[in-house]
Amino acid sequence: MKRKAKFLFICCCVITALLSTMSCDDGLDVTQEYPFTVEAMPVQDEVAYGETVELRLFIVEDGGFDGTVYTLRYFQTDGKGRLEMEDGTVMKPNDRYLLGKKEFRLYYTSLSIGDAQSIDLYVENNWGGVEKLTFDFNADDGDDEEVGGLIIRPILTAVEDAP
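Quick note, the sequence shown lines up with residues -23 to -1, 1 to 140 if you use mature numbering (1 follows the signal peptide of the UniProt record, and there is no 0).
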């Protein structure tokens, strides 16, 4: 019986030693890249010429690493408009802009009359992660408005250039 107990004890010690040496690794496992999403507050779906729409955006990380940097770029896929950052910087399509905060606002101003408009925003981090958001706006065709019992209809006229 003593011999059996001694044999089991030695086997357990050998197995424990093998398992503890096989599970060790010299390198530290430091995660730098965490997945992220970009969330937006609801926005209006119609925009008129010259009207500005505020886009409130939030970067939500699944984890955090101090060295993560986010940039923003955009494309205007339909219509014509201008996109500004909250500091007043007018953005150019496909140029990257550094985001200093994880909560930020953009301002889209319509420069189209009667056209549907669409912009794609790309938020990227320095680890290769990319999130795409698309904002679609229908043209606000200036439907009739009733003000004080009067019906107001917008009239668009074309002015020809004089020779």
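Hints in this document: simulated from the structure, not taken from any laboratory. Don't take every hint at face value.
Unchecked claim - Dumping the calculated EDC-like pairs for lysine to aspartate or glutamate here, alpha-carbon to alpha-carbon at most 16 Å: (1) 57 / 97; (2) 109 / 23; (3) 69 / 23; (4) 78 / 92; (5) 57 / 16; (6) 78 / 117; (7) 78 / 23; (8) 79 / 113; (9) 79 / 64; (10) 57 / 92; (11) 57 / 101; (12) 79 / 63; (13) 79 / 117; (14) 57 / 23.
Stated by the list, open to error - Label pairs and their in silico Cβ distance ranges: (15) 37 / 63: 14 to 24 Å; (16) 38 / -7: 12 to 22 Å; (17) -14 / 103: 22 to 32 Å.
Just so you know, even glycine gets a beta-carbon here, dropped at the ideal spot from N, CA and C.
Verification of the supplied hints:
With a CA separation close to 13 Å, the supplied pair residue 57 and residue 97 stays within the 16 Å bound. Of the supplied pair hints, the one linking residue 109 and residue 23 is violated, its CA atoms being roughly 21 Å apart against a limit of 16 Å. Distance hint between residue 69 and residue 23 is unfulfilled; the C-alpha atoms sit about 23 Å from each other, more than 16 Å. Proximity of residue 78 to residue 92 is assessed by CA-CA distance (about 33 Å); at most 16 Å being required, the pair is judged violated.
Restraint check for residue 57 and residue 16: not satisfied, since their Cα atoms lie roughly 24 Å apart, outside the 16 Å limit. For the hint linking residue 78 to residue 117, the alpha-carbon distance of about 32 Å lies beyond 16 Å, and the restraint is violated. Using a Cα cut-off of 16 Å, the hinted pair residue 78 and residue 23 is violated, with the two alpha carbons roughly 28 Å apart. For the proposed pair residue 79 and residue 113, the alpha carbon gap of about 23 Å is over 16 Å, so the pair is violated.
Under the criterion of a C-alpha separation no larger than 16 Å, the hint pairing residue 79 with residue 64 is consistent with the structure, at around 15 Å. With a C-alpha separation of about 8 Å, the suggested pairing of residue 57 with residue 92 holds against the 16 Å cut-off. The hinted pair formed by residue 57 and residue 101 fails the criterion: a straight-line CA distance of about 24 Å is larger than 16 Å. Taken as a hint, the residue 79 and residue 63 pair is honoured in the structure, with Cα atoms around 13 Å apart against an allowance of 16 Å.
Distance hint between residue 79 and residue 117 is unfulfilled; the C-alpha atoms sit about 31 Å from each other, more than 16 Å. Between the alpha carbons of residue 57 and residue 23 the distance comes to roughly 14 Å, so the proposed pair stays at or under 16 Å and holds. Roughly 19 Å separates the CB atoms of residue 37 and residue 63, a value that falls within the hinted 14 to 24 Å. At roughly 41 Å, the beta-carbon separation of residue 38 and residue -7 lies outside the given 12 to 22 Å, and the hint is violated.
For the pair residue -14 and residue 103, the beta carbons lie near 53 Å from each other, so the given range of 22 to 32 Å is not met.
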